[in-house]
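S.K.: Each residue of the first sequence is one higher than the last, beginning at 126 in this note's numbering.
These are calculated hints, taken from the structure and not from any lab test.
All C-beta atoms in this analysis are idealised placements derived from N, C-alpha and C, irrespective of residue type, glycine included.
Worth double-checking, as some hints may not be accurate.
[Claimed, not checked] Cross-link-like lysine-lysine pairs, in silico, DSS-like; alpha carbons within 27 Å at most:
{"id": "1", "residue 1": "K575", "residue 2": "K521"}
{"id": "2", "residue 1": "K238", "residue 2": "K202"}
{"id": "3", "residue 1": "K182", "residue 2": "K172"}
{"id": "4", "residue 1": "K473", "residue 2": "K553"}
{"id": "5", "residue 1": "K534", "residue 2": "K521"}
{"id": "6", "residue 1": "K473", "residue 2": "K454"}
{"id": "7", "residue 1": "K172", "residue 2": "K534"}
{"id": "8", "residue 1": "K434", "residue 2": "K146"}
{"id": "9", "residue 1": "K197", "residue 2": "K182"}
{"id": "10", "residue 1": "K508", "residue 2": "K454"}
{"id": "11", "residue 1": "K508", "residue 2": "K461"}
{"id": "12", "residue 1": "K163", "residue 2": "K461"}
{"id": "13", "residue 1": "K508", "residue 2": "K534"}
{"id": "14", "residue 1": "K375", "residue 2": "K434"}
{"id": "15", "residue 1": "K454", "residue 2": "K421"}
{"id": "16", "residue 1": "K421", "residue 2": "K182"}
{"id": "17", "residue 1": "K212", "residue 2": "K202"}
{"id": "18", "residue 1": "K212", "residue 2": "K575"}
{"id": "19", "residue 1": "K581", "residue 2": "K607"}
{"id": "20", "residue 1": "K375", "residue 2": "K197"}
{"id": "21", "residue 1": "K597", "residue 2": "K359"}
{"id": "22", "residue 1": "K553", "residue 2": "K581"}
{"id": "23", "residue 1": "K202", "residue 2": "K375"}
{"id": "24", "residue 1": "K434", "residue 2": "K132"}
{"id": "25", "residue 1": "K359", "residue 2": "K172"}
{"id": "26", "residue 1": "K197", "residue 2": "K212"}
{"id": "27", "residue 1": "K613", "residue 2": "K146"}
{"id": "28", "residue 1": "K607", "residue 2": "K597"}
{"id": "29", "residue 1": "K359", "residue 2": "K146"}
{"id": "30", "residue 1": "K146", "residue 2": "K597"}
{"id": "31", "residue 1": "K445", "residue 2": "K521"}
{"id": "32", "residue 1": "K197", "residue 2": "K163"}
[Claimed, not checked] Label pairs and their calculated CB-CB ranges:
{"id": "33", "residue 1": "Q511", "residue 2": "N339", "range": "52 to 62 Å"}
{"id": "34", "residue 1": "S459", "residue 2": "A570", "range": "23 to 33 Å"}
{"id": "35", "residue 1": "D550", "residue 2": "A155", "range": "16 to 26 Å"}
{"id": "36", "residue 1": "T543", "residue 2": "K577", "range": "37 to 47 Å"}
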Amino acid sequence: MAKGLPKRSENYSEWYNEIVKRADLAENSAVRGCMVIKPYGFAIWEKMQRALDDMFKATGHVNAYFPLFVPKSFLEKEEEHAEGFAKECAVVTHYRLKANPDGKGLIVDPAAKLEEELIIRPTSETVIWNTYKNWIQSWRDLPLLINQWCNVVRWEMRTRLFLRTTEFLWQEGHTAHATEQEAIEETERMLDVYATFAEEWMGVPVLRGLKSPNERFAGAIETYCIEALMQDGKALQAGTSHFLGQNFAKSFDVKFVNKENEQEYAWATSWGVSTRLMGALIMAHSDDQGLVLPPKLAPIQVVIIPIYKTPEELAAISEKVNPIFEELKAAGISVKYDDADNQRSGWKFAEYELKGVPIRLGLGNRDLEAGTIEVARRDTLTKESQPIDGIVEHVKALLDEIQTNIYQKALAFREENTFLVDTWDDFKAQIERGGFVMAHWDGTAETEEKIKEETKATIRCIPLISTTEAGKCIYSGADSSKRVVFAKAY
RNA sequence: CGGGGCGUGGCUCAGUCUGGUAGAGCGCUCGGUUCGGGAUCGAGAGGUCGGAGGUUCGAAUCCUCUCGCCCCGACCA
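Full structure from sequences and hints, please.
M.R.: Printed below as a string of structure tokens:
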């Protein structure tokens, strides 16, 4: 039992905050709105990065790095983009400090004012397209498929660990293409990569969809997204992929010569996922005992805990554990043998449960005599005794089973919490209770806005796979051909 | 930016109303008994009470200013 961890049912957001801190994922830093990602949390992020990066490479992308600073004039170039980000930009105005002539400390040197302010990147479309101008001359230079892993800053009013912080880590892919069709395909391909990653690695089922114009990325023609449902019934946007049309190419004058020797503007996409995925991972699976991690992303997949009284007993157990440990490692499993003697076994059980380690192996005197080992699953909190012979195979299979089970559990939860609603009263009531609410919408921004004002619910996405179905808008009663997904969102 | 809460050993907090020179639990160090679900006993170490100014013989406590953090809302990935 986790000492003092709040219950999800009583105070979900406190439960979330506590889990992040107690499981050693991250903490609030001395800097407002910014977090420190701790080694255990960062290890999970690194695993996410590795998996995603491999998927990007497999789809033909390469990594590069662009500057942290964006000259203000760059940001201004694409009008909608500029408007969208203007209110959340950190701005560098000076380049030097000096000793305070009035006493201790440092002051900003007024003589060191920058001629042009630099914005700390909230996203990099502008710097990158300013660069692409020089890289793209001919259709032979296309497609240009580049990704960068970096930090960005968006000055939010309110922050929450991983879900929304002033500075966060992410990847942003920026591609340039010769044709509209190719760019749209790229946008969809990367959305698919994100959805596959969320489902197969994180064990989080996601809806693939399009954003309504209101929710679209500033400067995009079309924004695709993956939306996940959290255990409290709120939606979380887990990734976005944008078809940018020729907007940025026109703003930055990025033209290429096509096969017919004509000048054309390049077609663009951009796509990103961030450390927010950590929040999705935590909120999708974890329980009142702590974190539950999918084996594929767990920094420690298996922990082995000795149960002993004397140093002699520990030595005997260790002798038995060592070959198992080595064999697990050789099988590519990330395993930890916790023989530290400053904590007792019971304490360790609780600690590794809090940290979401998928499998715990316990070995004590009774096991030594019987040739068995205790196998405990984090996802179901069940224990069983297994023969030591064949334990590695058993663990391998169990890791796969846990990965699948976690996903299935989350999928079942989403299905139980997805509702078709056809009247305004039902709609309001269901939004209040939470979950994905599938309802007809007349397609207008006005209606969307009204619904948001009255219920706090937003259109999370217009699902890509939904079938057309005639109906009446939940709010206005106007004709609608398709249900969209409403929910309260993070 | 509004509304609420809070800054006191590493952590959680009491003490503030009613001023008298700082305490508990957890953690840490050393030792003993323990050890199949967060053990226990004993001995220790550890704090300019967020900061500045003021009132007072005396301030964690009262007054003024200030800095910061958390929660709820508006903005957002």
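S.K.: Hints first: check each against the structure and report whether it holds.
M.R.: Quick rundown of the hints versus the structure:
The hinted pair formed by K575 and K521 fails the criterion: a straight-line CA distance of about 52 Å is larger than 27 Å. Using a Cα cut-off of 27 Å, the hinted pair K238 and K202 holds, with the two alpha carbons roughly 23 Å apart. A hinted pair counts as satisfied when its Cα atoms are at most 27 Å apart, and K182 with K172 qualifies at roughly 15 Å. Between K473 and K553 the CA atoms are separated by roughly 46 Å; this puts the pair beyond 27 Å, and the hint is violated.
At most 27 Å may separate the alpha-carbon atoms for a hinted pair to count; K534 and K521 meet this at roughly 20 Å. Taking the CA atoms of K473 and K454, the gap is about 21 Å. The hint holds against a cut of 27 Å. Using a Cα cut-off of 27 Å, the hinted pair K172 and K534 holds, with the two alpha carbons roughly 22 Å apart. For a cut-off of 27 Å, the pair hint linking K434 to K146 is broken: about 32 Å separates their Cα positions.
The straight-line distance between the Cα atoms of K197 and K182 is roughly 32 Å, outside the 27 Å bound, and the hint therefore fails. A hinted pair counts as satisfied when its Cα atoms are at most 27 Å apart, and K508 with K454 qualifies at roughly 22 Å. The straight-line distance between the Cα atoms of K508 and K461 is roughly 19 Å, inside the 27 Å bound, and the hint therefore holds. For the proposed pair K163 and K461, the alpha carbon gap of about 19 Å is at most 27 Å, so the pair holds.
Taken as a hint, the K508 and K534 pair is honoured in the structure, with Cα atoms around 19 Å apart against an allowance of 27 Å. Annotation: proposed proximity of K375 to K434 is violated, straight-line Cα distance about 73 Å (limit 27 Å). Taking the CA atoms of K454 and K421, the gap is near 15 Å; set against the 27 Å cutoff, the hint holds. Of the supplied pair hints, the one linking K421 and K182 holds, its CA atoms being roughly 19 Å apart against a limit of 27 Å.
Taking the CA atoms of K212 and K202, the gap is about 16 Å. The hint holds against a cut of 27 Å. For the proposed pair K212 and K575, the alpha carbon gap of about 23 Å is at most 27 Å, so the pair holds. For the hint linking K581 to K607, the alpha-carbon distance of about 21 Å falls within 27 Å, and the restraint holds. With a CA separation close to 18 Å, the supplied pair K375 and K197 stays within the 27 Å bound.
Between K597 and K359 the alpha-carbon distance is near 25 Å, which keeps this suggested pair within the 27 Å criterion. The suggested pairing of K553 with K581 holds, with an alpha-carbon distance near 10 Å, which does not exceed 27 Å. As the CA atoms of K202 and K375 are separated by approximately 9 Å, the hinted pair is consistent with the 27 Å bound. For the proposed pair K434 and K132, the alpha carbon gap of about 34 Å is over 27 Å, so the pair is violated.
About 26 Å separates the Cα atoms of K359 and K172, which keeps this hinted pair within 27 Å; it holds. With a CA separation close to 13 Å, the supplied pair K197 and K212 stays within the 27 Å bound. Using a Cα cut-off of 27 Å, the hinted pair K613 and K146 holds, with the two alpha carbons roughly 25 Å apart. For the suggested pair K607 and K597, the alpha carbons sit about 9 Å apart, so the restraint of at most 27 Å is met.
About 22 Å separates the Cα atoms of K359 and K146, which keeps this hinted pair within 27 Å; it holds. Of the supplied pair hints, the one linking K146 and K597 is violated, its CA atoms being roughly 46 Å apart against a limit of 27 Å. The hinted pair formed by K445 and K521 meets the criterion: a straight-line CA distance of about 19 Å does not exceed 27 Å. Annotation: proposed proximity of K197 to K163 is violated, straight-line Cα distance about 33 Å (limit 27 Å).
Q511 and N339 have their C-beta atoms about 54 Å apart, which keeps the hinted 52 to 62 Å range intact. With their beta carbons about 48 Å apart, S459 and A570 fall outside the hinted range of 23 to 33 Å. A hinted range of 16 to 26 Å for the beta carbons of D550 and A155 is inconsistent with their spacing of about 49 Å. For the pair T543 and K577, the beta carbons lie near 20 Å from each other, so the given range of 37 to 47 Å is not met.
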